[in-house]
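Student: Each chain, letter by letter, is given below.
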Amino acid sequence: ELKVEQNPLFLSMQEGKNYTIYCNYSTTSDRLYWYRQDPGKSLESLFVLLSNGAVKQEGRLMASLDTKARLSTLHITAAVHDLSATYFCAVDDRGEYNFNKFYFGSGTKLNVKP
Amino acid sequence: DAGVIQSPRHEVTEMGQEVTLRCKPISGHNSLFWYRQTMMRGLELLIYFNNNVPIDDSGMPEDRFSAKMPNASFSTLKIQPSEPRDSAVYFCASSFSSGDGYTFGSGTRLTVV
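Listed in order, the protein sequences are those of chains A and B.
This note's numbering numbers the first residue of the first sequence as 410 and each following residue consecutively.
This note's numbering numbers the first residue of the second sequence as 7 and each following residue consecutively.
One thing to keep in mind: the hints can contain errors.
Below, computed lysine to any residue pairings styled on SDA-like, alpha-carbon distance capped at 25 Å [unchecked claim]: (1) A:Lys518 / B:Thr117; (2) A:Lys450 / B:Lys84; (3) A:Lys412 / B:Arg47.
Listed below are several chain A residues computed to face chain B (Cβ distance under 10 Å; list not exhaustive) [unchecked claim]: (4) Asn427; (5) Tyr431; (6) Ser435; (7) Arg440; (8) Gly449; (9) Lys450; (10) Ser451; (11) Val457; (12) Leu459; (13) Leu480; (14) Asn509; (15) Tyr512; (16) Phe513; (17) Gly514; (18) Gly516.
These aren't lab readings, by the way, just hints derived from the structure by calculation.
Note that the Cβ used here is the ideal one computed from N, Cα and C, for glycine as well.
For reference, chain B alone in the conformation it holds in the complex (with noise of 0.2 Å):
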């Protein structure tokens, strides 16, 4: 398995752009983390999903973030408009409720100038 495959790796955007992100999980797996690291706040789960459903989006910091797993291979998080404070590395996960734990993406790391 190519484990969780996350794009970009790298995103410089302009502040007011839109910026997407996206995760593909392991095969299998029927739950989705997304997570944002920063220096000053470390790890933070914004949202995550089980069977491509929301359960959990009281980490998403504010209404310009959204998030949506259309299906069980595939999701995005999308940020409208961008802020310089918005610059993270943006992590997505993946399990199987089996309690093997997370595997996690290579993570995107998001600069707003």
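Bound-form chain A, shown alone (with noise of 0.2 Å):
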């Protein structure tokens, strides 16, 4: 089965500060996703990464993969308080019958402290 691992599990950072976050995965994909989910809250859809070293910015997120390597990366530029909360990935084993199933990372929660 294929696993995905994330890390750190838990980030406590400060503002203003530079930080990754990593997604390790085992088996060959090019497709990985990255949610957001708040506290008590739905997941939310931030980037689709969809080829090999593919690259999507928004804000002061910016996530990337390398294929060949299983992994992607999201980093976290000047965090800011707003952005505390927890990132999932996702990779896409579309598997034998070619249906988009997902597996999750356990979740890195991040806490931007002021």
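Two independent chains are provided; combine them into the complex using the hints.
Tutor: Here's what the structure looks like:
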């Protein structure tokens, strides 16, 4: 079964600092997704990465995908408190029937302190 | 589009009672997924459907859990009888097989006392 590992699981950082969240996965896949979840809320799509070398940016967040290394990164630039949330990566294992079945990482709980 | 609609938002029930969770996927999406989220186990895929057909139910924890999708616009997840360890947030998500990813509903927070 496909395994998805995120690290760190918990991240506490000061406002204005930079940091990177890592997502490693165990099988060949060229589709990776990042989601954000605020406490008590649902998961919201952040980035869709569909090929090796894909890079997407939205505000202070930038996501990239290296399919050869089976690694995606979510980079946070100059963090602000509003970015505090749990971030999940998910890998699409289209498998035998070519259906988009996702495997989620455990999530990274980010706390940005003023 | 109103997105994926789940009901109820909150459900409190007594142990042994039947619980039915409902989901309306986004129109045009052909895959539907039921997830359960707890602090201890994170996000768990329970079952998923493609074109209303159950494809993989290996994540359904026990026979007490069942899911149906009678048509493209409606799905149910039923727990009978419910137990306190079923307490969790249950999410429904839908997608179209184009690689755009899942859209999640707001979830149902189930508490079994």
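Student: Taking the hints in turn, state whether each one holds.
Tutor: Comparing the hints with the structure gives:
For the proposed pair A:Lys518 and B:Thr117, the alpha carbon gap of about 24 Å is at most 25 Å, so the pair holds. Distance hint between A:Lys450 and B:Lys84 is fulfilled; the C-alpha atoms sit about 22 Å from each other, no more than 25 Å. Distance check on the hinted pair: A:Lys412 and B:Arg47 sit about 15 Å apart at the alpha-carbon level, within 25 Å; holds. Using the Cβ-Cβ criterion of 10 Å, the hint placing A:Asn427 at the interface with chain B is not satisfied: the shortest such distance is roughly 26 Å.
Checking A:Tyr431 against chain B: minimum C-beta separation of about 17 Å lies over 10 Å; hint violated. A least Cβ separation of about 16 Å between A:Ser435 and chain B goes past the 10 Å threshold, and the interface hint is therefore violated. Of the supplied interface hints, the one on A:Arg440 holds, with its beta-carbon coming within about 6 Å of a beta-carbon of chain B, less than 10 Å. Evaluation of the A:Gly449 hint against chain B yields a held restraint, the C-beta minimum of about 8 Å falling below 10 Å.
With a cut of 10 Å, the hint placing A:Lys450 at the interface with chain B holds, because the nearest CB-to-CB distance is about 8 Å. The interface hint given for A:Ser451 holds, since its Cβ lies 5 Å from the closest Cβ of chain B, which is under the 10 Å cut-off. Contact between A:Val457 and chain B, as hinted, is supported at the beta carbon level, the nearest pair being about 5 Å apart and thus within 10 Å. For the restraint placing A:Leu459 at the interface with chain B, the shortest Cβ-Cβ distance is roughly 6 Å, inside the 10 Å limit, so the hint holds.
With a least beta-carbon distance of about 19 Å to chain B, the hint placing A:Leu480 at the interface is violated under the 10 Å criterion. Hint status for A:Asn509: holds, given a least beta-carbon distance of 6 Å to chain B, under 10 Å. Checking A:Tyr512 against chain B: minimum C-beta separation of about 8 Å stays under 10 Å; hint holds. Satisfaction of the interface hint for A:Phe513 is found here, the shortest Cβ-Cβ separation to chain B being roughly 5 Å, below the 10 Å cut-off.
Of the supplied interface hints, the one on A:Gly514 holds, with its beta-carbon coming within about 9 Å of a beta-carbon of chain B, less than 10 Å. Restraint check, A:Gly516 versus chain B: the minimum CB separation of about 7 Å is within 10 Å; hint holds.
Hints 4, 5, 6, 13 from the earlier list are contradicted by this structure; the remaining hints agree with it.
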